[in-house]
Structures are given as C-alpha cells and as structure tokens.
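Enquirer: For chain A, the structure is supplied; the task is to place chain B on it using the hints.
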Amino acid sequence: MGGVEPLATAWPYGATSSELKKRVEEARVLAVGAGGIGCELLKTLALSGFKHIEVIDMDTIETSNLNRQFLFRKRHVGHSKALVAAEAVRAMRPGIEVKAYQGNVKERQYDVDFFRRFDCVLNGLDNLEARRHVNRLCLAAGVPLVESGTAGYLGQVSVHIKGRTECFECQPKPAPKTFPVCTLRNTPDKPIHCVVWAKEMLFPLLFGAPEASDLNDGAAAEKEGEDSSAAGTADDPSFYKRQDGESSRQYAERVFRQQYGAKIEELRGMEDLWRNRPAPQPLDLDSLLQQAQGQANGSSASGGSSTASGGSACKALGLADAHAVWTVPQNAALFLQAAQQFLDDRPDEIGAAQFDKDDTLAVEFVTAAANLRAACYGIPMQSLFDTKGMAGNIIHAIATTNAIVSGLIVLEALKLLAGAPEACQTSFLHQQVSGSKRLVSRMAAPEPSPACMVCGTASVQLALNTNTWTLQQLVDKVLKGRLALIAPSITCGNFTYEEGEGLEEDEVEFYRGLLSRPLSQLPGGGLAHGSMLEVGDQEQHFKAQLIISHREDWDEEQHPEGFELSGSLPAAQAAPPAAAAPAAEAVAAGEPAAGVRGGSSAAAAPAAPAGKVALQETDDGIVLLSSDEEGDATEAAVPAAAAGKGKRKAPEATEAEDGEAKKARVEAAADDVVDLLDDD
Amino acid sequence: MAVVADKSKRYDRGIRVWGAHGQEALEAARVCLLNAGPTGTETLKNLVLGGIHSFTVVDGAKVTPADLGNNFLLTADGLAASRAQVATECLKELNESVAGSYVEESPRSLMNSNPDFFRHFTLVIATQLSEAGAVTIDKICRQHGVRLLLLRSYGLLGYVRPSVPEQRIVESKPDSKVDDLRLSNPWPELEAYAASIDLAGAEDVLHSHIPYAVLLIKAAQQWRQEHDGQLPGSCAERTAFKDLLKSWQRHIDGIPLEEENFTEAVANAHKVWAPPTVSSELRAILEDSCAAHITQQSPSFWVLVAALKRFIEQEGQGQLPLEGSIPDMHASTQQYLELQRIYRAKADADAAAVEAHARNILEAAGRDPASLPTSEVKHFCKHARYLRLVRCRSLAEETEPASCRADSLRAALSSEETAANAALYVLLRAADRFHATYQRYPGSFDSEVEEDAALLKSQANALLAECGISGAGGSAAGGVSDDLVGEVCRCAAGELHVVAAVVGAIAAQEAIKLLTGQFVPVGGALVYNAMACTTSVFAF
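Protein chains in written order, with my numbering: chain A, 1 to 680; chain B, 681 to 1220.
Take every hint as true, because none was put in to throw you off.
A few chain B residues that face chain A, going by a derived Cβ cut-off under 7 Å, partial list only: (1) K689; (2) A700; (3) N750; (4) F752; (5) L774; (6) L836; (7) V1178; (8) V1182; (9) A1185; (10) A1188; (11) C1213; (12) T1215.
Derived from the structure by calculation, the hints contain no laboratory data.
If you're wondering where the values come from, they're calculated on a predicted model, not measured in any experiment.
Note that CB positions come from ideal geometry on N, CA and C, so glycine has one too.
Next comes chain A alone, as it looks inside the complex (with noise of 0.2 Å):
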C-alpha cells in the first residue's frame, strides 16, 4: 500500500476525479468496531463510494447505544453490532459488498493474511489492547491503520503508515489505573476507592466468581507484604454462602451486618491504621432500617414486591431520582433490595456473574454497597447516576463528534488511496472555539520514534522483585497486562517458555508447571538482575528485549503492581530535562513512571511542574484530557468519575504523569493533544 501511485490529477485536487472514485470503488478496508465512530464510518465509507467493506465487532446492542450508533433500533438491542449494522449499510445501498464478523479482532483468525487483503484498516475500538494488537498487525500486514478516538466534545484521529510515521504505539500509552489494594480494603478516603471495594470486591464475593475478589484472598496481603493486619481484613469465602434454609433476605442481612458492622469493627481493632486518620464507624443495620421505614411512610413511594419492578430494585423501592444522593437508610434498603432480587430473580448467575454498567440491578447493587461504605468512612456518597459513571468507566460519548471524526477518518482513507501520503496528518476536534483555537487543528503525521519497542527496535527495562515474582505474574501481568500480548514467548538463554497455539501437550504441561515458580527459580539458572528477555508474540509478529532489573523495595502507593517499566533511548534522543519544565501547553497521553517510552520517565519525572492532570479511565486506559498550569480541569471533558470529585489529592502517580504528559508533546502545535477511544 506503500507503493499507491499519486492520482494523475493529485491530491486535493484530484479529488472528485474519476480516477479516485474508480480506486474507491475497488478498495478493500476493515472498519474495526462497529460502535460509535463504526456506525457513521460505515455509513460514510458506504456514501463515498466504497463498495468493499469488511467490519469486526465482538459486541451485542445495548440501549444505551441508541443515542449514537444510528444504525441500530430498539428491535435489535441485544443483536450483533457488526451483523446489523451490515445488514444496514447494504440495504443504503445495493450492489455494495459489506462483511461482518462477530467476534474479537484479537482472534486468532484474524491474523496477519487476513490483514494483508485491505487497502486500508480504519479504527473504532473501544479499548486499548484491542488497538494495539490491531497496530501490531498492520504493522506486521504492512497495511496502513487510521486510528480515532472521542470523548465528549473531543475527538482525534490519526493515521499510521509503517515506516513513514509513527505507529500507534510510538507515542506511550497510559498505563491502567489501579489502587493500592490496601486502600480499597481497609483505608479508603474517597468515593471511587468505594466504588472500585463494591464493584471489584464485594460484587463477586457474593454474585460472581469468589476467587476474583480480592476481599477474601488471604494469599493478597501476604503478597503486599505489608504490616500483617491488612491479612486480617481478608474475608473467609465459605462465610458468603449462602447457609441451607436462609432466605435472601436473611442471607442479604447477614451479610450487611458482617460488612459495614462486624468488618468495620474489626477494622477499628487495628489502632496502628487510624493513628493519622479517623476510624471507621459501623453501621447498625436494625436502626437503618427503622428509619427506612419512616421516610417511606412519609412520603408517598412504599416498597414494592420484587416481581413487579422489572429487574430494577430501584423501582421496587420507589428510588426514582438517579441524580439524586440517597440517605444512608435509603441505600441499606437498597442494598438489600438489591442483593435479594439478584439472589432470587437470577439464581442461574450466581457465582459466575460479572459487573455490567449496562445491568440495572448491578450497578443499584453497588451504588448501594459503595455509598454505605462511604458512610462508615465519612466519605461524601454518591447518586446512582455518578457512580455508574465510576464504575463503568464510560466516556461521553455522543453522535455528533462520532460523526466529525468519522468523516475525518475517511478523509484521510481517500488521501491513501489517492497515493498521498505525505498530506495525511493527525486531526484534533476541540470543545469549543475560543481564541485563536480552531475547532479542528492539525498536525503532520509524526515520523517513527526509534525508540519505539513496537515498530523499532529499543529494548526496554523491567524492574521487579525476581525473588517475589513468579513467571504467572510476569506473564499476566506485564506481558500480557502491559504490553498487550495474547499469547507471550519468553526466551532467555536457555530458558524458554511458550503459550498458544500448536505446542504438544506435554509442552503445555512443561510451561504450566514453571508458572509458579519465582523468578529467580526458573530453570536455565533464573532470572536475575541484568537477564536479557527475549519477548514475543507470534500472532502479532511482536519481538521486544526486555531487561530485568532486579528490586526490593516497593513503594505501593507509587507502584502498586509492584513492577516498573522503562525505556533506553539513543542519549542523542533523550529530552533534556529542562525542556519538560516551561508550562507546555500540549498535552499527551503519556505514561506515568511505567511506561515503555524511553528515558523520558527518568529524565521528565523530577523536572516535572506541578500542575494537575485530569484523568479519565476507561475500559483498560487512562486518557488524559486536559491539563492546565493553573491547576482545574475542564469541567465538561472530565467526567465527575476521575476529577474533582473526591475530597483528597488525585492517586498516586499523577505527578509522575504529569511531567511525562507534558512533555510528550510539547512540540505538538495543537492546545489539546489527547489520546482518546470510543465508547463501547
């Protein structure tokens, strides 16, 4: 695709020409995603003149999705995205050829062949894994990927050419949010640390898989090493079960009285925790529900039978104002409203369900547990509305910059096949004109980073404790948690080890067997501090160095992974400190102290200024939006989920963030360089 002649009448003006449109008729793209940005990418792609379009979505209808993905009707919620909205390009337009594949691009049979069929492969992934295997393997196809992203009023788009200029992954990518798991079991301080306690912790322990709750695994605080207490907060899974003849409702109680009543007293216990902070204050559960009873009394809205609310315990208890904060006996009530009809109304889920923002009884449920824990810790609650903005990490998404963007995208798939590719560039929408800003700023294509361990050939440092670390951990977490591999290699003299497909069953056994061993305790001697790993992922045709450094000592409110992540770049390349000081008005996604961006982390991070970044997680990223010397965030881009809503400082490693994401870019001319997805 490289080698696209230039139209004889070349671009732009040759735009409208025959020639183009003739090349247009005969392209082949893959639209990956068929949510937000897909759906009119689909329709514009159809409207242009494309009559070859291919389009991967794993993803069912939601009705949430209506306000947006236009291509969908109430009738098809549930339905496959890339199956209806197929179905809906082709009956726009007849004669065109349009594919659709329900399934996960990261699948294996989408792999580099599949791939190498398309002129071009355009993006609207909802998540970062998913783009950057899709990077790796137009890299790897040698097939040109225009990227997008939205949030809100904001949208981006990008397009990456390999060799020519940078591939998604040049530029870093945040890292995922976590928190200290300590913070969320015993000394939280804000409401996301009790929304992330409800939904990650609480929620499976009594509805999903127990084994996925960090409240009840003893093996998590040992691993912490921390002061010994933490290992008393963690809860015994058989005390979750439901005991023969209990009723929901009893079981449901037993369960508030064990968690805002017995833990918290227990949590009390341990003076050494609320030496610089006050103690929690339990919660009497009989009292709540006294006073429960009174404020339904007084007002008109009476309990209901969980049968007639149609899945919504909301509803049952006539809650109807999802903006509105709840009193503390309106959530115990819910709580147990909640946790009751999930019990009784789907018995089939129970010990296999998973938290969905898109299930009503789910997000009541947690908006519920996480408001009576900020009770007990004195933390502000928040209305259902909010904390289903927390819990599902959802972005803004909304039709008309999906729409911007995707006619963007398209722009720069005709520049492509107009064989221009020096007039592609990466496009920024903003919120709004004031200035001298533009509502769509520009910025020519970067070139390749050659510190980039994806499409260069930079080694990268992993720091980690090989005595406390086993090879499960290393594969989970780093290789495939951080550097988006789906089935990882690791070689390192005569070490190896493999996963995926076509290996014999007793390989798959040998490997298997190595995965709890520590570090330092593989064969081949072990790795130990300066080992030098040769990862890969065959699928994705990804090969990386990785260079161990061995780490004792964690600060987990730093690195709560406990492991740290650090390019080498050529010294020439390395930014000198100073220029990461002035006030940059760019902004970046940039990784914070973990990222795989070379030598910047060592050379940004203490010249950083201090102003603030506002953060927004999503599925599996954090996008940073805005940041602004003078400190606020703007208050439309950044959902209440990450800025400004809790009472304390932002979590840990913002500063770090903050040096990195100012200087990423600082040679961007745009105001808001942002790194962005789209919504589911």
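Expert: Here is chain B on its own, set in the frame of chain A:
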C-alpha cells in the same frame, strides 16, 4: 416509569456532557430543517438521536437517483416520492420519542408565501440556500426571535453560520478554570479560621494535614507584614516566599519530614499572587448597555448582570461572588469539611447579596421581585466568572458592502493562517453570484472548468472591490489565489457525503450549544476546508 428509565438509558451519554437540565432543553426543542440533502439530514439525524422534541422538514424536491448516492436516509424504494416525506419517515425511525412532520414545498416559496410558518420553531436549520435565500430566512427568524443555523456543503468546502442576535451563556464550561480561593485577601471568617490553627503547636500528624490553603493564607499574611503590605512580585521574592513555606516544615535531625500538604502549598503558591481576574469578556458584559437599562422585557440574565455589577461595586469590593468550591487538597477529613463549609457559607452569603440587588432592580423596573428563583441566582453566581455573550451579526449586515467588516476580511485574507479559508469564504459567495448570473454553479460541466474559473475569479474580485478590497490589499494575486479558484471550480457544487457528514455534525454540535445554553457557540461563519482539513471562524 418504563419510558423514563428507557430515556435515561438512551440519553445517558449525552446527559453526562450537558446534564439533565441540558437534556431537558433539548427535549423541548422544535427544529425546522430547510432542504433534506445530506447536509440537512446528517444534522437532523444527530439531533434526533440526541432527543429533540420534534422536527419539521421543508423540501419541495422528489427523490432522485443522485440522492441515493449521498444520503443514507433515502433508499431506492423512495425514488420519485417526496424527499421531505421519505427523510421524515426515516428520521422518525431513529428515535420513537421524537415527533416528525414535513412540508412538501420549496423553502424559497414557503419563505415568501408564509413567513409566519417559522415563528413556532425553537431553531431553524437552513441548508444549501444561496446568499439571497440566507438573508431572507435570517430576517424572518430574527423578526420572530427564532434561532437560525445556516449550512452549506459545497464540494470540499463546508460552511456553518449560526445567526442569533444574542446568546447569553451562563454555563460556558471553559477548557480550564482557576480556583477562587482568596488566599491573599481572606474574608474575616476564613482569616479567623486560618488564625485558629496553631502551626507551631500542632502535633506532627495534624501538622502534616493542615490544608495547603491555610498554609498559604498564613504565609501571605506573614509576608505582607514583613514587606510593607506587598505580595511577592519578583521571581526572587516568589522563591523566597516558597522558602518561607518550606521553613515551616517539621524536621528530624535537620532533614525535613515528608509533608504532602507542604509540597502542595509550594506547588500552589502562585495562587497567592495570581488570583483569578475579571476577564475582558466579563468586563464587557458588565459594561454592556443591556445591563444598564433593565426594563420590563429584560431577560433575567441581564437583571442578574446588573445585580452582579452592584455586588462587585458594593459588597464585593471589586471581587466577584465567591464560587464556593475548593479543589482537592491533602487534609484530614474534618479540616477539609470545615474549610469547605467556610467557603460554601461565603458563597451563599454572596449569592444572597446578589439576589437582594436583583430584587431591587426588578422592583425598580416595575416587575415582580419574586419572579426570579433563588436557585437561578445561585446558579448564575456560581458561574459568574465565566459568563459569555455571543452576538451574531445579521446576514444582511455581513453581506452588504456598506456594513460588512471589510477590515476584518482584508486582515483574514492577508494572514497566512487564515488566507486560504478566507478566500474560500469569498469564493463561496462569489459562486452564489455566479449562479445568480448564469443559473448554474461554476464547474458544472467538465468542459467549461477553465472558462468558469476565470468568471468565478472576476466575481470574487468584484465582491472584494465592493468592500473596498483590491488586489493591493489582499494576498499577492488579488486576495484569492488561482489555485483555490481552480479547486472550487473542479470540485463544483456537489454535496459530497464526506463533507456533509462533517458539516452536519459540527452543525448539530453548535445547535446543541444554542439549545442548551451551554458552551460557547461560534459567533460567525465557520469555514471547513476538507482539502487541508482545517477550520476557521470569521465574524465579518
């Protein structure tokens, strides 16, 4: 109940951007669309998805095969049927809670025969009208107090022009906000609270949890005492100020303890000497004659601006009402809550003072002083620092040589950054004149592109000359380069979907700003140049 729940689900993402009150405003909007080409239907599609109350499509054409190529709403089944009808039916399918109707008549003839037709709408979206048509609908809309958006997709050129006499914006939602903490000039309660905290006597835990705002108030006070009442001004003084803060930190064996509140205080020290100021935009609003003459008809915005002005002159002593919220800071929960209470109490008191002024002003104007809800006053005060006003000129003012802002146009044509897009603006108008003269757009026939280019160029030059702009003033080749003239001719007047999609989306976004009263809409003509992928806004 089920409907409400479904609605809140459907509109969830929108509500997260513009709030439940913004959604309400949207759900009350009655929108009229002129011409159901791709630009118009794309715009309306986005608004229907967002949940407006209702729409009416005005279009006199029948669906032709050409429509099928660039308008997703129109399908082969609809061939030869009314374009307005087919588009309306398809748009209604997108959202069953939005009502739709249509008028099968050309916008031009409807404007002439029944201008009163438009008075019932909240917003008119007029697409693909020539300049003459745009001037007419603008006059009608202004007469009836209806907001108007004018849109064009012309080849690779897009045009979005809101026309509202006055958009008064309380929630402007600026990209960045500055905390209003009054650190260098605390009011008595805040000052007393800061004084009540004994830095030296505090035990270590407490000492490391004193909010940075308190530390800065104390430091500013001490600095002033030692520097004749002045705040740190020079770079050296500011460093010294930070050193003063650091000197208060606790030490063990000469090594300062890690106290996060002090780190924050140093990082936020600039808030002492660089408090938020009254912006020039706000200053202009305060000085606006609308605020000086409150009448029976004055909108509540202006009543409140007048009250705000009195507050600043009297109780505020030059300051705006306090916004009342405080940023996150490292502190014990109790201290943080107490500080929050103090700021909130002051904000409430300030809002009450503004409210008293507003009631007096209403009374003096012979209006019911109780007609202004307290909640509106509070909302206004909370956002007072970021009030914005957008006044769009009428199309007639913009296009008539006597009143057009020739200087701005000349400047835009000669600035490197805007020259191309300003020239496209001129060429779009020149193309309309071309059409008026020859009954076709330039470049309609491939064989005549060269000739048309010359004709278009002379139209453009004539237009510029009328405004007093000659070749000497504009860019080297008479304001409009031959290259651009050639591009505009080659791409002809076609309504390309890839352009219409972007114009329709930008337009819908501006429409939502106009309807919700949130964010600042563009105040002039937005030119989208799809060739270069840039936008410019011109208020000529």
